[in-house]
Amino acid sequence: MLRSIPWPLHRFVIASASRLAYHTARSRTHTARVNLDIAFGDTLDASEKKRIILRTYQNLFHLTLDTILNQGASHEAILSKVSFENPQILEDALASDRPIIFMTAHYGNWELGTLAIAAHFTPIHVVGRPLDWAWADRILTATREQFGIKAIPKKQAMKPMLQALKNRIPVGLVVDQNTSDRDGILVDFFGKKVRHTPAAALLARKTDALVIPVFSRTDDFRHWTITFYPPISVDRSSDIDEDIRRHVQAQAEITEKVIRQKPDEWFWLHQRWKNQYEELYR
Numbered sequence: 001m002l003r004s005i006p007w008p009l010h011r012f013v014i015a016s017a018s019r020l021a022y023h024t025a026r027s028r029t030h031t032a033r034v035n036l037d038i039a040f041g042d043t044l045d046a047s048e049k050k051r052i053i054l055r056t057y058q059n060l061f062h063l064t065l066d067t068i069l070n071q072g073a074s075h076e077a078i079l080s081k082v083s084f085e086n087p088q089i090l091e092d093a094l095a096s097d098r099p100i101i102f103m104t105a106h107y108g109n110w111e112l113g114t115l116a117i118a119a120h121f122t123p124i125h126v127v128g129r130p131l132d133w134a135w136a137d138r139i140l141t142a143t144r145e146q147f148g149i150k151a152i153p154k155k156q157a158m159k160p161m162l163q164a165l166k167n168r169i170p171v172g173l174v175v176d177q178n179t180s181d182r183d184g185i186l187v188d189f190f191g192k193k194v195r196h197t198p199a200a201a202l203l204a205r206k207t208d209a210l211v212i213p214v215f216s217r218t219d220d221f222r223h224w225t226i227t228f229y230p231p232i233s234v235d236r237s238s239d240i241d242e243d244i245r246r247h248v249q250a251q252a253e254i255t256e257k258v259i260r261q262k263p264d265e266w267f268w269l270h271q272r273w274k275n276q277y278e279e280l281y282r
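The working numbering puts the sequence shown at residues 1 to 282.
Simulated from the structure, these hints should not be mistaken for laboratory data.
One should not assume that every hint holds.
Restraint-style ranges between C-beta atoms, simulated for each label pair [unchecked claim]:
| # | residue 1 | residue 2 | range |
| --- | --- | --- | --- |
| 1 | Asp183 | Leu79 | 44 to 50 Å |
| 2 | Pro153 | Asn86 | 17 to 23 Å |
| 3 | Tyr277 | Ser4 | 41 to 47 Å |
| 4 | Leu20 | Arg168 | 32 to 38 Å |
| 5 | Asp235 | Ser74 | 28 to 34 Å |
| 6 | Asp45 | Ser83 | 44 to 50 Å |
| 7 | Arg98 | Lys50 | 40 to 46 Å |
| 8 | Asp45 | Asp92 | 23 to 29 Å |
| 9 | Ala17 | Asp45 | 44 to 50 Å |
| 10 | Ser83 | Asp132 | 29 to 35 Å |
| 11 | Pro123 | Gly41 | 27 to 33 Å |
| 12 | Ala46 | Asp239 | 18 to 24 Å |
List of simulated lysine to aspartate or glutamate pairs, EDC-like, C-alpha gap at most 20 Å [to be verified]:
| # | residue 1 | residue 2 |
| --- | --- | --- |
| 13 | Lys257 | Glu145 |
| 14 | Lys257 | Asp37 |
| 15 | Lys206 | Asp264 |
| 16 | Lys192 | Asp42 |
| 17 | Lys192 | Glu253 |
| 18 | Lys262 | Asp235 |
| 19 | Lys257 | Glu85 |
| 20 | Lys159 | Asp188 |
| 21 | Lys262 | Asp220 |
| 22 | Lys262 | Glu111 |
| 23 | Lys155 | Glu145 |
| 24 | Lys81 | Asp66 |
Even for Gly, the Cβ is constructed at its ideal location relative to N, Cα and C.
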């Protein structure tokens with residue numbers, strides 16, 4: 001049914017649904033406003049923050065639609081939707097025969113980015129939390145596990161990640177969500193303290209992997225640019241904890257840089273700073 005609907009109607013329905021969500025999903029909209037206030041303060045006015053929130057809803061709905069439509073898609077269909085920027089970074093990494101970790105965020109069309117990399121460059125094992133709705137998770141898994149991609153459940157993912165890296169299969173991690181005190185390292189993000197997962201840094205130090213940041217962006221929700229950034233190096237001093245912290249801070253900095261360039265494609269609906277500023281989200 002969805003494939004039979006023309007693009008202008010898709011676009012109209014999603015724009016309308018985004019405006020409806022802005023007014024009815026009050027908790028999510030409030031979270032987005034809090035996040036924008038934390039990140040940008042008074043440097044953005046209320047109208048611009050509203051535009052970003054509306055665009056965030058649109059991005060989420062378009063990503064959901066595209067993920068459904070990508071199930072069973074051909075290599076050609078996936079690659080027709082993307083352009084690669086700085087592909088030499090990944091090509092050099094693959095030629096080095098070192099393990100590779102892709103580090104990204106809930107930015108742009110992160111699901112399509114994984115499919116496109118697998119369709120054009122290399123199979124990937126990706127780590128993610130199963131969706132709460134079983135029927136939706138079946139759709140997502142069926143879409144994700146194409147072109148040699150394997151989905152690894154987030155819980156107890158370390159062992160299969162290490163095995164994949166040992167076999168020179170790149171691993172993909174989304175690293176921009178809030179964590180508990182136990183699971184995260186405190187770093188600076190938009191000038192505020194935030195908890196950030198050290199998983200990519202720990203894996204890189206243990207396996208000598210190259211950590212390559214990769215993000216997608218779009219202007220029209222029909223074509224995306226997938227950009228690779230230079231690998232984040234792992235320091236190897238006598239202070240292991242500081243080496244890990246510096247690596248995690250570098251991950252936060254490249255994520256912030258990408259978001260600042262085009263803030264309306266990040267997932268502002270998540271309570272990113274909850275660990276340190278929980279009272280603001282109430």
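Here is what the structure says about each hint:
1. Asp183 <-> Leu79: 44 to 50 Å: violated (36 Å)
2. Pro153 <-> Asn86: 17 to 23 Å: Hint violated: Cβ distance 31 Å, outside 17 to 23 Å.
3. Tyr277 <-> Ser4: 41 to 47 Å: For serine 4 against tyrosine 277, whose Cβ atoms are near 46 Å apart, the range 41 to 47 Å holds.
4. Leu20 <-> Arg168: 32 to 38 Å: At 47 Å between Cβs, range violated.
5. Asp235 <-> Ser74: 28 to 34 Å: Given about 43 Å between the Cβ atoms, the range is violated.
6. Asp45 <-> Ser83: 44 to 50 Å: violated (33 Å)
7. Arg98 <-> Lys50: 40 to 46 Å: holds (45 Å)
8. Asp45 <-> Asp92: 23 to 29 Å: Once the Cβ atoms are compared, 43 Å apart, the range 23 to 29 Å for aspartate 92 and aspartate 45 is violated.
9. Ala17 <-> Asp45: 44 to 50 Å: The hinted range 44 to 50 Å is violated for alanine 17 and aspartate 45, with Cβ atoms some 25 Å apart.
10. Ser83 <-> Asp132: 29 to 35 Å: holds (34 Å)
11. Pro123 <-> Gly41: 27 to 33 Å: Check failed, 43 Å falls outside 27 to 33 Å.
12. Ala46 <-> Asp239: 18 to 24 Å: Because 45 Å falls outside the window, the suggested range is violated.
13. Lys257 <-> Glu145: Since the Cα atoms of lysine 257 and glutamate 145 sit roughly 30 Å apart, the hinted pair is violated (cutoff 20 Å).
14. Lys257 <-> Asp37: Satisfied, since the Cα-Cα distance of roughly 17 Å is no more than 20 Å.
15. Lys206 <-> Asp264: Given that 20 Å is the threshold and the Cα spacing comes to 35 Å, the pair is violated.
16. Lys192 <-> Asp42: Judged against 20 Å, a Cα distance of about 15 Å means the pair holds.
17. Lys192 <-> Glu253: Holds - the C-alpha atoms of glutamate 253 and lysine 192 are around 12 Å apart, at most 20 Å.
18. Lys262 <-> Asp235: Violated. Lysine 262 to aspartate 235 sits at ~30 Å, over the 20 Å cutoff.
19. Lys257 <-> Glu85: holds (16 Å)
20. Lys159 <-> Asp188: violated (29 Å)
21. Lys262 <-> Asp220: holds (13 Å)
22. Lys262 <-> Glu111: It holds: about 18 Å lies between the C-alpha atoms, which stays within 20 Å.
23. Lys155 <-> Glu145: holds (18 Å)
24. Lys81 <-> Asp66: holds (10 Å)
The structure shown violates the earlier hints numbered 1, 2, 4, 5, 6, 8, 9, 11, 12, 13, 15, 18 and 20.
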